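Visitor: Once you've looked at the hints, dock chain W against the given chain C.
Each chain, letter by letter, is given below.
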Amino acid sequence: MAVQRIPADELCDARFLASLEHLRVVAKRVAPRGRFAEQRSRDKGSGIEFKDYRPYSAGDDLRGIDWNVYRRLGRVFLRLFEELEDLPLYVLPDISRSAYLETPPRARAGLRCALAMAAISLGQHDRVGVFPFADDLSVLLRPTGGKGRVLELARRLGEIEPGGETDFERSLATFRGLRLREGLVCVVSDFFDPRGIEAVTSALGKLQHRLLLVRLVRQSDARPELAGDVRLVDCESGDVSDVSITSEVLARYRAAYAQFVEHLANFARSRGAGLLDLDVERDVIAQLERLFASGAYTA
Amino acid sequence: MSLTWLSGAVFAAGLAALAALLFAMQRLRVRHRDVEVVTTLFWKAAVKDTRARVFVQRFRHPLAYALILASASLVWWAVAGPRLASRSEVEHVLVVDGSAGMGWGSRLRDALAATTERARALPRESTRVVLAGARLETMLDFGEELPLFERRAAALEVAPCPSTVQRALLALCATAAPSGGRRIEIFGDGPIDPAVADLLPPGTTIARAEPVAASRAGNAGIVSLGIEEAASGAWDRVDVLVRVGGELASTCELSLTLDGTPLANVQRDQGSDGVEWLARDVAALGGTLDARVLGADALAADDGATLVLPVRPRIRVQVGAGVPSRVDSALRFDPGVELVEADPDVLVRGAGDAQLAGVPTLELTDATEGTSAFVVRRADVDDPDARLREAFAALGLGEIDSTALADQAGREIELTLEPAATPSISMWGALAGPDYDFARSRAFPLFLARAVRVLAGVEELAFEAAAGRAADVQLAPLQGDGARRALDSLGAEFRWPRAQSWSSSSGARVQAALLDPQATHALESSTVPPRESASPGASSAELLPWIVLAALGLLALEWWLVRTERMP
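As they're listed, the protein sequences go chains C and W. Taking numbering that gives the first Met the number 0, the leading residue of the first sequence gets 0, the next gets one more, and so forth. Taking numbering that gives the first Met the number 0, the leading residue of the second sequence gets 0, the next gets one more, and so forth.
Bound conformation, chain C alone (with noise of 0.2 Å):
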């Protein structure tokens, strides 16, 4: 079956755009060195909630002597404020050729999450970086802000070529190989790699980021609609498997299906990751604001 990519104006319109501006992405605490933004860092810098005192040094500015402590201990301190710095996003959709095989192809609900993400995170200055994948990780948008790129991001996307063959390994290699500065790396996938949900959570394991997991999924994956003798044959793969099915194969099937979910939740679980099960065939704005339960996102 030929695959199509999913066009622009299918990911994005002003009623999406307008629907996430009560949505924002909340850091914890950012990792230092970043650009002024607004989530809580562990830089000190001239924010406005106070953090700490150090010694004054020749060159520091002398606003931030704290002349209270000189007058009591008469010694020179300096005051030291938080800095507000951005949260990088980095955003992965899969685009392998799974994404795009049924109807409403997964890739579109995947790429909305994705754009999704992504709009909300440039609205609030965070910087912000595409990363598509398939068998290997390509770069769409290097991390960058600013409100003003979420169209030319949609239009990107929507220029996506559908890949190949899914390779979480090999992608999340080339993604540790950019060396970005930590920030929350949302993969919006389907999470179905031939080398088994292991190799998939191994891979993620190694990020040094945090994460948020979103799983494209639909009501078929875990109760398949297909009867009699059939040859599957896998999309990306090509792999055949013929299969007489019955309630017993069918039973072991969703026994299998329920472990990858288990699996990949446990991952979930134990690395403090975000998981989101994101139906494709539901609109993804109100599945989104489930993980946005009181309009933030807490990474």
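By construction, these hints were calculated from the structure, which means they are not laboratory data. Treat each hint with caution, since some may be false.
Derived contacts from chain C toward chain W, CB cut-off under 7 Å, selection only [as the list claims (entries may be wrong)]:
#1 23
#2 97
#3 229
#4 230
#5 232
#6 233
#7 238
#8 240
#9 241
#10 248
#11 255
#12 256
#13 266
Since this is a predicted model, take the numbers as computed values, not measurements. The beta-carbon is built from N, C-alpha and C at its ideal position, and this holds for glycine as well.
Guide: Positioned in the frame of chain C, the structure of chain W alone reads:
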């Protein structure tokens, strides 16, 4: 239970082929429907222990096989056209008499029409129609449709043979009756010996169907044709007797020809059972005698009869020098004897005369002590008493005054039997001498004539070749062993099956006449009281609706099993 369109063997073979075919198909790999999925990850885990069906691997679905085999068997059964006899599986055999006696008027047509009606009322799968003519023919076999019988019967003619109904019954009864019994109904007037009923296997009943009316008017036919020694004593001539019976016998004319030439000296007499024509002194030179009733009558089959006359050459007898002159004189006046000097058929020799090897001999021996007056030597002495009685009669010894001879001889006059490769007859030579009255008695030439004829192997001229009667060996050396009677392939007396010209294995031509008084006179047949009254045939029940219902039931069962995933 029976099948209309297939025999049991064909049905079984088809069923076996179906089972084998379906079994092979069950083992074939199924044609899988290609479905592209996002991943086969979970399916591989699901089918790890339950592999899909593949080509000729283990038989996975015996229930599916059983169901499809049952359905296919039902369809095959329906194709075979099963029928269930509602009462019992009685085998009906309708025997139509096709012998000459049925040639009267429309008797055969009437019998065939009655047979058709009867067969129509009986179940086709258990009814057979047999024609008892010159041989037994199946006119309609089990399961065949009635129009076939009507077509076959259209050109049917009576056979010029006596009734063979009884023979047909015996042939039919040679096979065991089916479990439901066998009912034989006879259409015709063929006689049936009541004793035949005792030979019937258990479960067999015989009934004569509606008697076929037999008109006895308007027929004259030859009921007897025979020859005998010429009353004139001429050795090479015979007297021919033709007897004509029937209502028109007294007024009919008879043509009697020998090799196409009308015979002279034919005498016509009114007998007790018909009119007799006697032709005297007909030359016995192997010609064909033809007797034919002139004019049309009701039955043509008995209007002609032919007979091949025997050839009777005189017996060549050589008389030895030591033979008394009375013997020589007696032989000289015998019309059947030709005295020769060499190459004789029979040698008559005195005590001192030389023997001829291999030539049957009449010996005149010395009346020494311990020697019987008459000694018969022959190869066949297996039953001495019977052979002695036979020789005593054949030689005319009953005409001898043995008491007087015994008084004259002072000893007993005995006849003894001895084995010998070459037949011979011994007599005391003295009996032909002047000391005994034997040579002067009438018995003496009679004894000599009989002795010479016995030694030459000449039998009396009395025979007839008629269909249905035992054949004389002289006319029918079919088995060629020189026995008294020719035998058929089963060892029974050979009987001419029908009136026609026959050729024996040796090339001899024999004309067998009909000569069946039963046919000529249209005598009433013996009555065989039916043991069971004729009744309409059991109506057969159609099984097809039940088979269809069963097949539908199987389909419903299969659907339910698939729906409930008890069967893939």
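Visitor: For each hint given before, does the structure comply? Return the numbers of the non-compliant ones in rising order.
Guide: 1, 13
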